[in-house]
Amino acid sequence: MKFNFRKPILLVTLLLLVSFAEAESAAQDTRLIDAVNAQDLSTFRVLLDQGFDVNEREANGTRALHWAVHRDNIGMARQLIAAGADVNAKNRYEVAALSLAANNGNAEMVSLLLDASANVNTTMSENETALLTAARVGVTGVVQLLLDGGADANTAESWRGQTPLMWAAGENNLAVVELLLTSGAALDARSDKGFTALLFAAREGHSEIVESLLNHGADITESLPARAGIITENGTGTATQTGMNGLLLAAGSAHFETAALLLEAGADPNHNPLGWTPLHQVSWVRKAGQSGSNNPTPEGSGELGSLDFVRELVGHGADLNALASGRPPVGVSSLNMESSTPFLLASRSADVDLLRLLVELGADPEIPNIDESTPLMVAAGLGTESPGEDPGTESEILESVKYILSLGSDINAVDDRGNTAMHGAAYKHAPSVVEYLDQQGAEISIWSQENDFGHTPLIIAAGIHRGMNIVSSRVTETVIQELMDQYALPK
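This note's numbering puts the first residue of the sequence shown at 1, with every later residue one more than the last.
Calculated directly from the structure, the hints in this document are not laboratory data. Hints should not be assumed to be uniformly reliable.
Using C-beta positions, here's what the derived DEER-type ranges look like [claimed, not checked]:
(1) G463 - E94: 53 to 63 Å
(2) E94 - R45: 22 to 32 Å
(3) A488 - K402: 24 to 34 Å
For clarity, every value in this text was computed on a predicted model and none was experimentally measured. Think of the CB as a built atom: it goes at the ideal place given N, C-alpha and C, for glycine as much as any other residue.
Hey, can you work out the whole structure from these sequences and the hints?
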């Protein structure tokens, strides 16, 4: 019989661990801590009178003073300090009492601790100072006490490299922002990802903060750094372009009032560091949820709507026919986005209200992309990878197609890859669009041809590979087959 040495060894180990735990528990009398945590004042006073150790710790290092501060009990905290509690003691999580007071926004408690020689620059893990915490919470009195006590207004935390001014700006704490700015906070400080306080405020839609920062001298042209991996024309790999500015960040989050404020302050309405302008951006902000992205429409803020923002952009000089030079973040699509206009991208999301406004303001509805794919083809569905997942119901798609055709679009145009509007409708699985294109004169001898992928509209509807799936639409296939049976082509 083979003897198992592991069992007795494990048993001895467990017994030792239990013994050590019991010894530690016996050595720790946490009744005073428990009384403070429970806010049991009578027991607290009795234990203090009996001389209980005010610096006793729980297993995680938390002391009675931590609990008194956490519970906002100024009386208990004062008595503990008078009895010798260490105001700078930290628990296992690197939290001192001052950080807890700052997190509670309790100016009276902060004052008590500072008067008792608490370290004003105490930090939690990742170098979060009490001032950083206070800037996030937004109680001006606490921030003032910390600054008066010598807190460094520019100390950044170590996780993201963000400063108190950035946290105050991101949390919309206007009075704290103003106080920090008058106390030496650096306007141009950047986080590890390149954000400034202005860029944080713009992204969050905090218009008053944006205005305050600009009034204090923030640069309206501030932008994020270029994305890593951009190769320059000379092939050196050194990124020279900038990233998104405040205008793109605000508009991209549907904070159109903030974006309009930035326009009034001089932001470039045609800023396109990633290859697309704010006017392009409106199309996917208005109708999000493109295939593969699963992103909801941004909640946004303010009273200014997206269409009114488009008017603001154009009023400030936005190019209605700007051509995209980079791929927009519109989800999965086989459509070549290069040289796409705002009108073409609005066609993709079947946004007829935006299409009408762009034309009203002077956009050219005929400009194709670099593959000569027209807005009509795109509205019908060209580029669709996952039918039903892109924005636009079939009725909205049909309405967009009708509108673009009413502007004189060539229903029989063929792009450089052999696609027609009918190919687009087949990719989209939109039988009503197929029928409408036929009614309006789509020529079967043109649209029944294979494109560069070997796809005819009938083949597409019958089923083609998309990723690991075969995507088909029996209804669309039936409609196309009936048309082909109706119009006998010469063999």
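| Which numbered hints does this structure break? | Nothing - there is no hint that the structure violates, so all of them hold.
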